[in-house]
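Q: As you go down the protein sequences, you meet chains A, B and C in turn. FYI, in the working numbering the residues of the first sequence are 9 to 294. FYI, in the working numbering the residues of the second sequence are -3 to 321. FYI, in the working numbering the residues of the third sequence are 1316 to 1758.
Just so you know, the hints here were simulated from the structure itself, not pulled from any lab data. Note that the structure is predicted; figures quoted are calculated from it, not measured. We treat Cβ as the ideally placed atom computed from N, Cα and C, and that holds for glycine. Fair warning: there could be bad hints in the mix.
Said to hold, decoys possible - Example chain C residues on the side facing chain B (calculated, C-beta under 8 Å, incomplete):
(1) V1462
(2) V1465
(3) P1467
(4) I1642
(5) G1650
(6) Y1700
(7) R1743
(8) I1753
What the hints assert, rightly or not - Per the computed footprint, the stretches of chain B lying under chain C, defined by three or more beta-carbons under 8 Å from a beta-carbon of chain C, are:
(9) 107 to 119
(10) 163 to 172
Unchecked claim - FRET-style restraints, in silico, Cβ to Cβ:
(11) A:Y15 <-> B:F288: 19 to 29 Å
(12) A:T19 <-> B:G177: 45 to 55 Å
(13) A:T19 <-> B:I117: 54 to 64 Å
(14) B:T212 <-> C:E1473: 44 to 54 Å
(15) B:T212 <-> A:G51: 48 to 58 Å
(16) B:P307 <-> A:A25: 35 to 45 Å
(17) C:E1473 <-> A:E162: 55 to 65 Å
(18) A:A25 <-> C:A1571: 51 to 61 Å
(19) A:L178 <-> B:P91: 39 to 49 Å
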Amino acid sequence: MSITVVYTIVTLAVIGATAAVILYFVAQKFKVVEDPRIDDVEGSLPGANCGGCGFAGCRAFAEACVKASDLGDLNCPVGGNDTMGQVATILGLEAVAKDPRVAFIRCNGTCDHRPKTSQFDGATTCAIASSVYSGESDCQFGCLGYGDCYDACEFDAIDLRAGMGVPLILDDKCVACGACVDACPKDLIELRKRMPKDRKVVVACRNMDKGGVAKKACSVACIGCSKCFKECKFDAITIENNLAFIDSDKCKLCRKCAPVCPTNAIIELNFPPRKVKPEVEVETNS
Amino acid sequence: MSKLLTVSPSPHVHSSDSTQKIMYRVIYAMIPALIWSVFMFGIDALRVTLIAVAACVAFEYLIQKYLMKVTPSVTDGSAIITGILLAFNVPSNLPWWIILIGAMAAMGIGKLSFGGLGSNIFNPALVGRVFLLLSFPVQMTSWPGIKMAAVDAVSTATPLALIKESVKNGVPIAKIEGLPGLGDLAIGMNAGSLGEVSALLLVLGGIYMIWKKVITWHIPVSILATVLVFSGIFWGINPEMYVNPAFHIMTGGLMLGAIFMATDMVTSPMNPKAQIIYGIGIGLITISIRMFGAYPEGISFAILIMNAVTPLLNYYIKPKRFGGQ
Amino acid sequence: MLKTFKIGGVHPPENKLSKDRKIEVLSIPSAVFIPVAQHIGAPSTPVVKKGDKVKVGQVIAQSSSFVSTNIHSSVSGTVKKVDFSADSSGYPKQGIFIDVEGDEWMEDIDRSETLVKDISVDGAEIVKKIQECGIVGLGGATFPTHVKLVPPKGMKAEVLLINGVECEPYLTSDHRLMLEKADEILVGIQLLMKAMNVDKAVIGIENNKPDAIQLLSEKCKTVAGVSVVALKVQYPQGGEKQLINAVTGHEVPSGALPIAVGAVVSNVGTAFAVYEAIQKNKPLFERVVTVTGKGVSKPSNFLVRVGTATSELVEAAGGLPENTGKIISGGPMMGRAISSLDIPVTKGTSGILLMKEEESKREEIIACIRCSRCVSVCPMGLEPYLLMTLGEKQIYDRAESERVMDCIECGSCSYTCPSNRPLLDYIRFGKGKVGQIIRSRKK
Chain A
9 MSITVVYTIV
19 TLAVIGATAA
29 VILYFVAQKF
39 KVVEDPRIDD
49 VEGSLPGANC
59 GGCGFAGCRA
69 FAEACVKASD
79 LGDLNCPVGG
89 NDTMGQVATI
99 LGLEAVAKDP
109 RVAFIRCNGT
119 CDHRPKTSQF
129 DGATTCAIAS
139 SVYSGESDCQ
149 FGCLGYGDCY
159 DACEFDAIDL
169 RAGMGVPLIL
179 DDKCVACGAC
189 VDACPKDLIE
199 LRKRMPKDRK
209 VVVACRNMDK
219 GGVAKKACSV
229 ACIGCSKCFK
239 ECKFDAITIE
249 NNLAFIDSDK
259 CKLCRKCAPV
269 CPTNAIIELN
279 FPPRKVKPEV
289 EVETNS
Chain B
-3 MSKLLTVSPS
7 PHVHSSDSTQ
17 KIMYRVIYAM
27 IPALIWSVFM
37 FGIDALRVTL
47 IAVAACVAFE
57 YLIQKYLMKV
67 TPSVTDGSAI
77 ITGILLAFNV
87 PSNLPWWIIL
97 IGAMAAMGIG
107 KLSFGGLGSN
117 IFNPALVGRV
127 FLLLSFPVQM
137 TSWPGIKMAA
147 VDAVSTATPL
157 ALIKESVKNG
167 VPIAKIEGLP
177 GLGDLAIGMN
187 AGSLGEVSAL
197 LLVLGGIYMI
207 WKKVITWHIP
217 VSILATVLVF
227 SGIFWGINPE
237 MYVNPAFHIM
247 TGGLMLGAIF
257 MATDMVTSPM
267 NPKAQIIYGI
277 GIGLITISIR
287 MFGAYPEGIS
297 FAILIMNAVT
307 PLLNYYIKPK
317 RFGGQ
Chain C
1316 MLKTFKIGGV
1326 HPPENKLSKD
1336 RKIEVLSIPS
1346 AVFIPVAQHI
1356 GAPSTPVVKK
1366 GDKVKVGQVI
1376 AQSSSFVSTN
1386 IHSSVSGTVK
1396 KVDFSADSSG
1406 YPKQGIFIDV
1416 EGDEWMEDID
1426 RSETLVKDIS
1436 VDGAEIVKKI
1446 QECGIVGLGG
1456 ATFPTHVKLV
1466 PPKGMKAEVL
1476 LINGVECEPY
1486 LTSDHRLMLE
1496 KADEILVGIQ
1506 LLMKAMNVDK
1516 AVIGIENNKP
1526 DAIQLLSEKC
1536 KTVAGVSVVA
1546 LKVQYPQGGE
1556 KQLINAVTGH
1566 EVPSGALPIA
1576 VGAVVSNVGT
1586 AFAVYEAIQK
1596 NKPLFERVVT
1606 VTGKGVSKPS
1616 NFLVRVGTAT
1626 SELVEAAGGL
1636 PENTGKIISG
1646 GPMMGRAISS
1656 LDIPVTKGTS
1666 GILLMKEEES
1676 KREEIIACIR
1686 CSRCVSVCPM
1696 GLEPYLLMTL
1706 GEKQIYDRAE
1716 SERVMDCIEC
1726 GSCSYTCPSN
1736 RPLLDYIRFG
1746 KGKVGQIIRS
1756 RKK
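Required output: the full structure, derived from the provided sequences and hints.
A: Given below as structure tokens:
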């Protein structure tokens, strides 16, 4: 009995010791020397691995930060300026402040605005639907509504709004990682500058067809009439391919463009209700 | 045109086959053996089968609805198959509460814990069976005497158990008393679990399934051939100690396993080459357990072990590609 | 034992409703829209402008590179505009709108019906003429024919395979053409043989067309080097690689062209177009189109000018049935569902199939039961269930190593899946992505 115990202990001890020796040498042999700052930087990042920075996950971004000589081109959109400030402190570099951004789906073609002209019956992803044909409505630019952006979002920031036809981005949850921008096969999603109180004035349309065609397909399509362009005093609006675009970096939220739009393609969000007298409008926000 | 045109990717036609049809064909294939078991073991056989089927369907429904909170998919018929297979794998005098436990293990542990139909790694009926075999060894191995056999109405051991016991005690095969002949085995005149007794009717079901393209020949044939060859070698060496291959094939649920359980689509490999390897594996493990293991029979364990190997076979064994490698 | 390809395959119900209906010449429409991209390769460049008068057979868009072809006017009249309009994908494509006035053909086109058997031109001239006349593969792939006839350096064609398989259910345009234009097709085959410099040609025809097999076998007796092979009915036998495998037993290696095993495959329709181009000097501007479907009152085969709107064909076949749920350009296995009847017939349109409401919806998708039928029917020996998962989960490197690029998109997997899973949808998507990755790697 006792001899068995001794054997057992000795055998186990020998196995353990051998394994330890092997492990030690293997560890030595394959040792990877890494800049310890990479761990520090990674620790200060949000850890969502969303890829919003353009790198494959937070660690890759941390490695890029450590290698970089200045942080001008690098930005963690999720962490924002606070995180980048911490990263800068760790690396002894200068932080470059960037405007926070928020995603926006530039299509307002919900079912009541954009009549269906066919119905899709296949695998319900936008990528596959758009590879089969232009979509269920006559607008070949509009949202397909199958929610590839919803699937891509790691932050629950997209409400699919089943039955509506177009998802909605929830401003308070969106971190502007850009995953949805890449996921959208119609290129509808734009990262816009985040304004106070999440206010925004946007052309919610990407239709580049001629006015008549666009209007026929969708009642809230931009027809490229240039009325908003003429109204804007800040050069924020450009018209290209029968389509108006409001540059969020230039827009001052004066809201003058929205009322002149004949198709209501320009939408304003999160503003207090307009007062009856048009003159007052101008002073509300700027 | 009153309605909108549908647009979808090709192909625009679909074969008339459906999962439900496949499942029901499997059920039809099991009916002859089921009828025979009622004939052999009396109304008890029907009782066991009904309890097992009802329990499997009920457990699937309840677990899906209340635990997994998904739409129950009991109508696809797979739970019925599990129920019948479970019943086929137990003695006809098993108390109802043991059957319930077996059904719960089969559906809960064997199938739904992996995500339900199509996601399970192990054959649910076998999980239930092995669960019972390990938990209630006495009840699971006390077989009632068969009602039909004139010769051996009180036998309570299966032929394989008889052989195992006798060989252990040094009795040569030829001298074992009460061993049924090959003809009896083929028809099903012997003791055993519900569905395993009649080799011929099981083969009939198998042929029906191959004809209806529910299964292919690869798995059953490779299992039977392996058993034949492997046990044949031992028999050739020492017929005193080892029983002949035909006996192996027709006893201990080997037919049932080879035709109905190893061929379970979800848990078997996906291409012919891998299926043959899988079948050979089952054959080898079965005979090894029968000859050298503690249990008199081993097809259940063999199938479960090879079930575990299936993902690996799918990963490494590829079908013949067009245009070579 | 009839020959067929060795791996996989399915046999959908044939439904060849229009097989006994003679080819009718469809009346010339009042206006046409002729897209400039009707072939695989670079779109052609329009060479006419608004207000130009054009004649039938006149070049209206010039090919811009080697893998491209000319586009000819199918009607005579005035160019209304050069603009964009939706094609079968729903996206706008450039094309030429022509208002029809009369039917005035280019003077050098021989409009007589007489059979011209004597071949007076040499191989190089044939290839040149095929390119000029805008001939593409009429089986559906629309690959420019002249490109196929010129093998890459170091390769040599040994046999010409003529595809008379028409394995798609419903379609009968090739079948009718073989019955009605057998002599012309045989001359076309000889022209192709001469262009390729081969002395052997085999016409593969599926066994569900015994009349065509008999007729062509009879006629082949007088033509040296051309023979007919009857094939077992099996989809997708009309696929290039499957046809080669069925007839010669060779397997085209993964990623290679048929020329790698010394074969070039052409459709019977293409052979007929080659005959017309060389012997009659007639460019490709019309083709045979089957209009069919279970609800169609008069399933027909029409000789249609390219650019004719689908609605005209449907009208001629007895009008659009009330309960039409889906309109397919092509066959039911590989054809494309279209969302409007305004879409024009192009060189690749082999049929218009109208499906009833109840046939046009897919069944409910349920879980994969790993029955491995998709694996057993895949003619390329792939594992569709796996490729679908890889496409769905966007694991593209594994998809590539599992040879997703070998997929010929025949749809046998989706057709056969008892759980109604959209296998091909995801595989095609994955294939597209992997293709992009491979192209970007090459750059």
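Q: Between E1473 (chain C) and E162 (chain A), is the Cβ distance one that fits in 55 to 65 Å?
A: holds, 56 Å
Q: Tell me if the interface restraint on V1462 (chain C) is satisfied: Cβ within less than 8 Å of some Cβ in chain B.
A: Check failed: Cβ of V1462 (chain C) comes no nearer than 21 Å to chain B, outside 8 Å.
Q: I want to verify a distance hint. Is the separation of the beta carbons of A25 (chain A) and A1571 (chain C) within 51 to 61 Å?
A: Given range 51 to 61 Å: holds, Cβ gap about 57 Å.
Q: Kindly confirm whether 48 to 58 Å is satisfied by the beta carbon distance between T212 (chain B) and G51 (chain A).
A: holds, 55 Å
Q: Let me know if the C-beta of R1743 (chain C) comes in closer than 8 Å to any C-beta of chain B, holds or violated.
A: holds, 7 Å
Q: Is it true that T19 (chain A) and I117 (chain B) lie within 54 to 64 Å of each other by Cβ?
A: Cβ of T19 (chain A) to Cβ of I117 (chain B): about 35 Å, so the range 54 to 64 Å is violated.
Q: Hint validation: G1650 (chain C) versus chain B, beta carbon distance must be below 8 Å. Holds or violated?
A: Cβ of G1650 (chain C) sits 6 Å from chain B, so the hint holds.
Q: Look at the Cβ atoms of P307 (chain B) and A25 (chain A) and judge whether their distance stays inside 35 to 45 Å.
A: holds, 37 Å
Q: Please verify that hint: I1642 (chain C), Cβ, nearest Cβ of chain B, below 8 Å or not.
A: holds, 6 Å
Q: Look at the Cβ atoms of Y15 (chain A) and F288 (chain B) and judge whether their distance stays inside 19 to 29 Å.
A: holds, 28 Å
Q: Holds or violated: is there a CB of chain B closer than 8 Å to the CB of I1753 (chain C)?
A: Because about 17 Å separates I1753 (chain C) from the closest Cβ in chain B, which is outside the 8 Å limit, the hint is violated.
Q: Assuming the hint says 45 to 55 Å, is it satisfied by the Cβ distance from T19 (chain A) to G177 (chain B) or not?
A: holds, 53 Å
Violated hints for the displayed structure, listed by number in ascending order: 1, 2, 3, 8, 10, 13, 14, 19.
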